[in-house]
Amino acid sequence: MKVTLTINGARHSHDVEPRTLLVHFIRDNVGLTGTNIGCDTSSCGACTVHLDGEAVKSCTILAAQVDGRELRTIEGLAAADGTLHPMQQAFHENHGLQCGFCTPGMVMAAVSLLDDVPHPTEREVREGLEGNLCRCTGYHNIVKAVMAAGGSK
Amino acid sequence: MPSILGTRVKRVEDPRFLTVGGTYVDDLRDPRLDGALWLTFVRSSVAHARLASIDTSSAAAAPGVVAIYTFADLSVEPQLSMPAFNEAMKRPALADGVVRFVGEPIVAILTEQRSQGEDAAEFVVVDYDPLPVVVDPVEAAADEVLLFPEAGTNTAYGRVREPDPTLFEGCDAVVHMTLYNRRLAVAPLEVKGCAAVPAEDGRMVVWLSSQGAHTAVASLQAALGTEDLHIITPDVGGGFGAKNGASAEDIVVCRVAQLQGRAIRWAETRTENVLTMQGRGQVQTVTMGGTRDGRILAYRVDILGDAGAYPMIGAFLPMATRMMAPGVYDMPKVEVIARSVVTNTAPQMAYRGAGRPEATAAVERTIERFAAEIGMDAAEVRRRNLVPKFVEPHKTPVGTTYDIGDYPAALELVLEAAGYDALRKEQASRRAAGDRLQLGIGIATYVEITAFGGSEYARIEVKDDGSAVVYTGTSPHGQGHHTSFAMIASERTGIPIERINLVWGDTDLVPTGGGTGGSRSLQLGGSAVLQTTDLLVEEARQRAAQQLEANPEDLVLDTEAGRFHVAGSPTAGRTWAEVAGNDGLAVASDFTQPSGTFPFGAHVAVVEVDTETGQVELTRFIAVDDAGTMINPLIVEGQRHGGIAQGAAQALCEEFIYDADGNPLTSNLADFTFISTCELPSFELVPMETPTPMNPLGAKGIGEAGTIGATPAVQNAVVDAVAHLGVRHIDIPCTPERVWTAIQEASK
Ligand code: FES
Ligand code: FES
Numbered sequence: 044m045k046v047t048l049t050i051n052g053a054r055h056s057h058d059v060e061p062r063t064l065l066v067h068f069i070r071d072n073v074g075l076t077g078t079n080i081g082c083d084t085s086s087c088g089a090c091t092v093h094l095d096g097e098a099v100k101s102c103t104i105l106a107a108q109v110d111g112r113e114l115r116t117i118e119g120l121a122a123a124d125g126t127l128h129p130m131q132q133a134f135h136e137n138h139g140l141q142c143g144f145c146t147p148g149m150v151m152a153a154v155s156l157l158d159d160v161p162h163p164t165e166r167e168v169r170e171g172l173e174g175n176l177c178r179c180t181g182y183h184n185i186v187k188a189v190m191a192a193g194g195s196k
Numbered sequence: 004m005p006s007i008l009g010t011r012v013k014r015v016e017d018p019r020f021l022t023v024g025g026t027y028v029d030d031l032r033d034p035r036l037d038g039a040l041w042l043t044f045v046r047s048s049v050a051h052a053r054l055a056s057i058d059t060s061s062a063a064a065a066p067g068v069v070a071i072y073t074f075a076d077l078s079v080e081p082q083l084s085m086p087a088f089n090e091a092m093k094r095p096a097l098a099d100g101v102v103r104f105v106g107e108p109i110v111a112i113l114t115e116q117r118s119q120g121e122d123a124a125e126f127v128v129v130d131y132d133p134l135p136v137v138v139d140p141v142e143a144a145a146d147e148v149l150l151f152p153e154a155g156t157n158t159a160y161g162r163v164r165e166p167d168p169t170l171f172e173g174c175d176a177v178v179h180m181t182l183y184n185r186r187l188a189v190a191p192l193e194v195k196g197c198a199a200v201p202a203e204d205g206r207m208v209v210w211l212s213s214q215g216a217h218t219a220v221a222s223l224q225a226a227l228g229t230e231d232l233h234i235i236t237p238d239v240g241g242g243f244g245a246k247n248g249a250s251a252e253d254i255v256v257c258r259v260a261q262l263q264g265r266a267i268r269w270a271e272t273r274t275e276n277v278l279t280m281q282g283r284g285q286v287q288t289v290t291m292g293g294t295r296d297g298r299i300l301a302y303r304v305d306i307l308g309d310a311g312a313y314p315m316i317g318a319f320l321p322m323a324t325r326m327m328a329p330g331v332y333d334m335p336k337v338e339v340i341a342r343s344v345v346t347n348t349a350p351q352m353a354y355r356g357a358g359r360p361e362a363t364a365a366v367e368r369t370i371e372r373f374a375a376e377i378g379m380d381a382a383e384v385r386r387r388n389l390v391p392k393f394v395e396p397h398k399t400p401v402g403t404t405y406d407i408g409d410y411p412a413a414l415e416l417v418l419e420a421a422g423y424d425a426l427r428k429e430q431a432s433r434r435a436a437g438d439r440l441q442l443g444i445g446i447a448t449y450v451e452i453t454a455f456g457g458s459e460y461a462r463i464e465v466k467d468d469g470s471a472v473v474y475t476g477t478s479p480h481g482q483g484h485h486t487s488f489a490m491i492a493s494e495r496t497g498i499p500i501e502r503i504n505l506v507w508g509d510t511d512l513v514p515t516g517g518g519t520g521g522s523r524s525l526q527l528g529g530s531a532v533l534q535t536t537d538l539l540v541e542e543a544r545q546r547a548a549q550q551l552e553a554n555p556e557d558l559v560l561d562t563e564a565g566r567f568h569v570a571g572s573p574t575a576g577r578t579w580a581e582v583a584g585n586d587g588l589a590v591a592s593d594f595t596q597p598s599g600t601f602p603f604g605a606h607v608a609v610v611e612v613d614t615e616t617g618q619v620e621l622t623r624f625i626a627v628d629d630a631g632t633m634i635n636p637l638i639v640e641g642q643r644h645g646g647i648a649q650g651a652a653q654a655l656c657e658e659f660i661y662d663a664d665g666n667p668l669t670s671n672l673a674d675f676t677f678i679s680t681c682e683l684p685s686f687e688l689v690p691m692e693t694p695t696p697m698n699p700l701g702a703k704g705i706g707e708a709g710t711i712g713a714t715p716a717v718q719n720a721v722v723d724a725v726a727h728l729g730v731r732h733i734d735i736p737c738t739p740e741r742v743w744t745a746i747q748e749a750s751k
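Chain order of the listed sequences is A and B. With our numbering applied, the first sequence covers 44 to 196. With our numbering applied, the second sequence covers 4 to 751.
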């Protein structure tokens with residue numbers, strides 16, 4: 044079946060099997076490999092993208108379910124001139140990434156968290172990112188980065 | 004100009020990961036892989052059985068299926084992963100007539116499309132003739148159920164020895180415990196994957212998610228019967244010790260590519276990953292004896308390692324535990340008995356710390372038990388037994404020689420930073436008030452071994468535009484080598500770090516390498532870069548002298564300008580670009596470190612335990628970790644954070660569980676309780692730097708230190724929180740159920 048999505052401002056139409064997951068559509072059909080797959084139980088958040096501005100785990104949705112809607116992935120976060128989004132900048136400044144595998148999903152989840160709670164406390168950041176796993180950083184610098192991006196102390 | 008070394012340079016590798024993501028094996032869009040077939044494994048669903056039959060006929064007819072392979076089709080000899088293991092315990096890449104653990108690959112299916120593999124796998128019918136199962140290593144040690152009857156034993160490595168009956172003579176207090184250092188899923192966030200393609204020139208090009216391209220060469224050569232390999236490790240999403248070399252699955256992928264003569268790709272699922280990538284797993288029987296005034300006189304640890312179904316590196320790790328068994332303590336008599344046995348569970352890999360966390364967990368848990376026994380504060384007992392500060396090598400009763408250390412200073416630093424006395428007061432008042440939430444304070448002091456000696460390669464090339472490329476045999480997968488190595492090369496050349504690139508993980512571009520593991524990279528790889536930089540500067544000086552018609556001895560390198568000139572007359576000079584010229588300038592060297600280095604530290608964990616539910620909250624974690632000279636404290640801290648989280652996870656929540664029939668109960672990330680943001684606080688890190696004399700940087704390893712101290716610190720804190728209720732020990736992970744049960748039993 045044909046599925047059409049606007050991803051990072053560009054329209055993408057592909058013929059896919061009805062069972063195709065959104066994350067596979069993004070990675071395999073569109074070829075945007077920044078969005079990662081880290082589990083098979085919707086537990087890790089490595090696949091987090093924005094669907095109409097809200098963070099979703101793209102492994103939990105069929106591409107067909109979101110036909111016609113707007114997506115943003117990590118590749119669409121920085122400005123067109125390459126200037127990093129404040130969240131990307133905060134991750135860089137605070138060493139919020141090591142191997143980088145969780146990073147795209149983590150950054151997308153964090154951006155969405157600040158949309159909902161602009162100046163979060165540490166607890167709010169930790170609760171907001173509970174569904175995004177990282178094996179490298181112990182979360183310390185991720186939390187610090189999100190607090191910094193949110194102007195929290 | 005102030006040195007760049009020791010400063011918090013932000014990582015040069017970040018922007019790519021933050022904007023488009025890394026390129027992991029599954030992201031490769033290399034044209035050589037166009038039209039690749041996908042490989043899917045059919046894995047054993049039982050723990051121990053003879054394979055009565057494997058019927059692949061329906062699967063062969065499923066859509067997109069190109070070929071199906073079993074053991075007999077591969078003609079790959081089973082391999083013994085280390086020569087020291089029991090010869091009869093070789094591992095076949097696909098099961099050879101018998102399966103020995105749930106998840107063991109039996110069949111490989113090749114399909115046109117990726118999704119077709121999973122569908123076809125459903126049609127493979129495996130008829131299992133069940134064999135008796137042994138999951139518990141203690142039972143396995145009895146040799147009643149044998150995994151390899153030809154071996155006549157389940158012992159894969161080491162041997163049984165009679166303990167010394169006189170060891171605890173003269174001790175007026177002796178404690179004895181059995182400790183379970185549980186199995187964990189390693190769970191790097193990127194699972195394993197491999198792609199292989201026979202190139203036109205007859206070579207095999209292999210992409211691996213591995214901690215070292217070079218460390219995979221030997222096993223792939225043996226399996227493929229060819230020397231001619233080009234191995235590449237692209238970005239790797241974490242390894243933690245368990246992505247060393249090539250796995251059984253990688254071998255199958257490469258062999259099938261060879262047999263098919265075309266490109267093959269494979270990416271495992273998370274379930275496959277946790278079923279096959281596990282670490283730790285020791286049963287430790289410990290005894291400690293000493294005087295009632297707190298002097299420890301003797302310590303014994305009898306280690307039974309659970310090797311899993313085939314001996315891999317994990318089977319060897321009880322030896323690493325043995326080396327570090329006495330830890331930071333000056334104990335006159337130490338006896339270690341160590342061996343590992345096979346069981347019907349996943350073969351054990353290395354996992355962050357690999358044998359040293361187990362050593363620290365044993366001695367640190369036992370010393371607290373000893374402190375409770377004699378009624379002395381746990382910090383005080385440690386003080387009375389620490390090896391005093393030393394600057395000359397210190398040899399322990401097990402024969403390990405530590406390089407340099409100041410354990411008393413590390414302990415005092417952490418106690419001070421934690422506010423130890425105030426915490427004890429707070430604890431006393433909560434106890435007196437009978438609060439529901441009780442405070443626990445846990446200490447762990449540690450010393451570990453990193454790099455284990457060895458050598459590493461570096462090459463530095465300066466191009467005609469004055470930029471440089473560093474080639475290393477280490478293999479970064481999150482550790483920030485590009486930044487650290489560029490800092491080292493920049494400091495003595497004056498070439499800015501933004502103009503220094505790093506090449507790694509490609510056997511065509513880097514001739515040799517030891518990869519990344521055992522916290523070796525900065526001290527060996529970084530020292531190799533330092534040594535090579537010095538050679539490069541000398542070489543450049545010669546060249547510049549020729550160009551300037553001057554004496555090399557008269558030339559100085561102005562590192563601010565990146566330019567050579569005659570001392571005192573800076574007008575005539577040669578920049579790096581000019582010195583390199585059209586041909587460029589390149590120098591390579593190997594750095595060798597004769598033996599390991601011994602980072603040390605002290606950790607304090609503070610927990611709150613809900614005495615009604617057994618719920619534990621880790622509220623503070625304070626750490627002193629001395630890894631010698633820090634090149635980039637930002638990166639060093641990141642390594643400590645990650646290590647602490649993984650160590651705390653083992654104490655709080657993580658455990659890979661099998662039932663008695665060898666069925667995994669935690670086979671995905673929904674069931675395996677991977678630690679998340681909410682179970683952890685932010686960490687309080689205290690710096691300490693005691694440079695090692697073993698290498699010119701003065702650097703020791705930092706990759707594993709956090710993990711090593713954190714597990715016993717947290718476990719000790721949990722036990723401490725409820726010690727006044729009569730609890731003397733709680734196994735890890737300290738789940739609410741275990742804690743609650745311990746409280747109930749103590750109050751009986
Ligand atoms: S891949 Fe989507 S949550 Fe793990
Ligand atoms: S940075 Fe490696 S998993 Fe988060």
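I should point out that these hints are in silico values taken from the structure, not numbers from a laboratory. Here the structure is a predicted model, which is why all the values come from computation and not from measurement. The reader is advised that the hints may include incorrect statements.
The following label-pair restraints were derived from C-beta to C-beta distances [as the list claims (entries may be wrong)]: (1) R166(A) x A225(B): 47 to 55 Å; (2) T47(A) x E692(B): 55 to 63 Å; (3) T47(A) x E121(B): 22 to 30 Å; (4) P18(B) x H57(A): 49 to 57 Å; (5) T84(A) x L538(B): 35 to 43 Å; (6) P5(B) x P129(A): 43 to 51 Å; (7) K428(B) x R166(A): 24 to 32 Å; (8) D468(B) x H57(A): 41 to 49 Å; (9) E97(A) x R265(B): 53 to 61 Å; (10) K428(B) x S85(A): 23 to 31 Å; (11) K751(B) x H162(A): 27 to 35 Å.
Positions of the beta carbon are idealized from the N, C-alpha and C atoms, including for glycine.
List of violated hint numbers, smallest to largest: As far as the earlier hints go, 4, 5, 6, 9, 10 and 11 are violated by this structure, in ascending order.
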